[in-house]
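Engineer: Using the sequences provided together with the hints, build the complete structure.
Quick note: the sequence shown uses UniProt numbering, first residue 1, plus one each step.
A few of these clues could be false.
As the list claims (entries may be wrong) - DSBU-like cross-link-like pairs, simulated, lysine-lysine; straight-line CA separation at most 30 Å:
no.: 1; residue 1: Lys98; residue 2: Lys415
no.: 2; residue 1: Lys76; residue 2: Lys35
no.: 3; residue 1: Lys191; residue 2: Lys228
no.: 4; residue 1: Lys74; residue 2: Lys635
no.: 5; residue 1: Lys476; residue 2: Lys388
no.: 6; residue 1: Lys516; residue 2: Lys609
no.: 7; residue 1: Lys108; residue 2: Lys35
no.: 8; residue 1: Lys415; residue 2: Lys307
no.: 9; residue 1: Lys418; residue 2: Lys255
no.: 10; residue 1: Lys74; residue 2: Lys503
no.: 11; residue 1: Lys228; residue 2: Lys274
Stated by the list, open to error - FRET-style restraints, in silico, Cβ to Cβ:
no.: 12; residue 1: Lys99; residue 2: Gln644; range: 50 to 60 Å
no.: 13; residue 1: His654; residue 2: Glu181; range: 35 to 45 Å
no.: 14; residue 1: Lys591; residue 2: Glu181; range: 31 to 41 Å
no.: 15; residue 1: Thr103; residue 2: Gln644; range: 48 to 58 Å
no.: 16; residue 1: Lys324; residue 2: Lys609; range: 10 to 20 Å
no.: 17; residue 1: Val648; residue 2: Pro149; range: 57 to 67 Å
Rather than coming from a laboratory, the hints here were simulated on the basis of the structure. Every residue gets a Cβ at the ideal spot worked out from N, C-alpha and C, and that includes glycine.
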Amino acid sequence: FSLKEIHIKEPIEKEVNPRLLPGELLLCEASTVYKYIQEDGSNRGTYGKLVCTNFKISFLDDDSASDDNEPQFKNKIVGENDITLQCVDQIYGVYDEKKKLLTGQLRKYPEKLIIYCKDLRVFNFCLRYTKEEEVKRIVSGIVHHSQTPKLLKRLFLFSYASAAPNNTDGRNQTVMFETLEDWRDELERTKGNVKYKAVTTNEGYRVSEKLPLYFVVPICISEESILKYEGRGIPIWCWSCHNGAALLKMSAFPKEQDDSTSQMQKAFLDGIYKTISKPPYELLKMDDLSSSLPSLQDIQTAYTRFKQLFLIDNSTDFWATDVKWFSLLESTNWLEIIRRVLKKAIEVAECLEIQHTNVLLIEESATDLCCVISSLVQVMMDSYSRTKSGFQSLIQKEWVIGGHGFLDRCNHLHKSEKEEAPVFLLLLNCVWQLVQQYPPAFEFTETYLTVLSDSLYVPIFSTFFFNSQHQRDTNKSGESLKTQGGPFRFLTVWDWSVQFDLKAQAFLNNPLYAEKPKPDKSQRKTARFKHQRQLSLPLTQAKPSTKRGFFREETDHLIKNILGKRIGKFINSSDEPPNNLREFYDSWHSKPVDYHGLLLPRIDGPEIKVWAQRYLRWIPEAQLHGGGTIATAAKILDLMEEVQTLQVKMDEEHSQAVSGDVHSVPMLRNSARLSSLFPFALLQRQSVKPALPTSTWKDLEDEDDLVKRDDEFVDLSGDML
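Structural biologist: As structure tokens, this is what we get:
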């Protein structure tokens, strides 16, 4: 059958115009574009208009004009059919059924356009019925504006900042670490102010443009030392443990130096080490992350392979890869990298907590893996970092102000693929492992982590679009795109009201968060704390027996068979005997979890999972309708609402003040209609599985077997991953 026979909607006759943000300009458009609905592998779809602006690529059909059937979880900036230019990963054209990567100038224009996005969405557009001139304009426009190198000031960030009204929510509790007071407050909060000091040496960026304006160093470090090598070789404070031990980081000296220079640098480092190894400072352990963790190139290669498993544009491909799912997943090495990073964080936590030793993380720039490990250690050891405002403050401190090169690592300007590496995504993947293992310990949800990962590609916030505080400050001043001068007013991603209304923001908050008990009501609070742990049991797994811990040689026989050499390789990846580490790990896992104390991730083979919500949310075949953790959460929320309603009635009877946040949680009615990947998967999204998608299915004898096999698959994607 032909395309004309199977489309759902006729070409729209009424004019549908894109909703433009302040500073957003329409660059090119094409009418009568046919967007495929990929769920069932058929050619069904809808006609509409494809537009490209200086902010996004957008598909508009007649549904775009109405506000009916809006999803419960709607982003106010990026719609369901919008792709920001920074979110475009790769663009393919289809010529006579053959796919070809589109870059630069095009000699011939395709009949079909496939856009792969960094948030794992896949869009298929048919241009066969579009006017030739419009095809040329829209294809070359999309390729040019999303794939070619651009200047920093050409980012939409600047257009928006100069045109948007400055009416952001002032109630943001995130500590930005842009002032000396912020650093002093953090020192006081962690009781690190006895041995460490916040310094103003870099005011005016006279030490280094890579360092923040203010940072913290040991009290014994002189200003002269900081100035000598532009901040290299100086231990910079990250965080202090309750016992006084501190986590530090250092930017290493370049390895290729002439003898006299390297001798001078070695003498300088020896002097620094001696100074900070004497009382009142604890013993010092140094950890060169460039030798103990995978390289950025390894991380990029693994993630590139990994994401290909989820960039699926039809059902047939999905079911064909299903048979080889575990071997394909294993071959990417992405989960192994997550495991190694978590193990490194456990090592550091053991040094701080048990050995009372200062840990100095060393890396060439101290702005990549140092950020990952220092952030993870703080999430594991400091319950404040597991609150929403605490986690956001942590990202500001270690990443944004700490100088992680978001612009280069995300390749926002398409300048150099050599610099690209998903370092921040790696952190979010690791934090997700902890969130799904210990849900009551976190004030935020996995949905929060997912939208945070999506926000990496939304260039109306400055948070993830600069390489350093210096770069942001120097570009903040100067002429705006309007003729008047003055600084740009950049938005911060932490103001969630810009992207979501209050109803949608409620999905970012964990209703089952075990809040810290208050000392004066210890008995009552402790009882409630235990009750919340019981509520979370269906969402967590039983602790492994200490005899089968990941670090023990008598690892479970089945796991040995499944994972083979990988476990052996991982156990021996550390240079030092891991006896203390084994004991620490097994001892902690043998005790009840204190959700406000130290948290150690379980890193046994099957415990490291795929972040299903982020990676599978656009694949209907991987969704479990009316099931998954969302079904459990919906039942619990219903129960909570009932309890809250009864509480209100009791309060009214006693004429007491009613709590203001009774209706803060959106109620998830009809959980049977929800997908396991809610709120990203739409309600009642259907997928038609091909009758015999792979050779494996062909061996099945009857329809009942097929249904059973389908159930087995869904179970795996929901639980094993």
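Engineer: For every hint, state whether the structure bears it out.
Structural biologist: Results for each hint:
no., hint, in the structure
1, Lys98 <-> Lys415, "holds, 28 Å"
2, Lys76 <-> Lys35, "holds, 22 Å"
3, Lys191 <-> Lys228, "holds, 29 Å"
4, Lys74 <-> Lys635, "holds, 23 Å"
5, Lys476 <-> Lys388, "holds, 27 Å"
6, Lys516 <-> Lys609, "holds, 28 Å"
7, Lys108 <-> Lys35, "holds, 21 Å"
8, Lys415 <-> Lys307, "holds, 22 Å"
9, Lys418 <-> Lys255, "holds, 20 Å"
10, Lys74 <-> Lys503, "holds, 9 Å"
11, Lys228 <-> Lys274, "holds, 17 Å"
12, Lys99 <-> Gln644: 50 to 60 Å, "holds, 53 Å"
13, His654 <-> Glu181: 35 to 45 Å, "holds, 43 Å"
14, Lys591 <-> Glu181: 31 to 41 Å, "holds, 39 Å"
15, Thr103 <-> Gln644: 48 to 58 Å, "holds, 55 Å"
16, Lys324 <-> Lys609: 10 to 20 Å, "holds, 19 Å"
17, Val648 <-> Pro149: 57 to 67 Å, "holds, 58 Å"
The structure meets every hint from the earlier list without exception.
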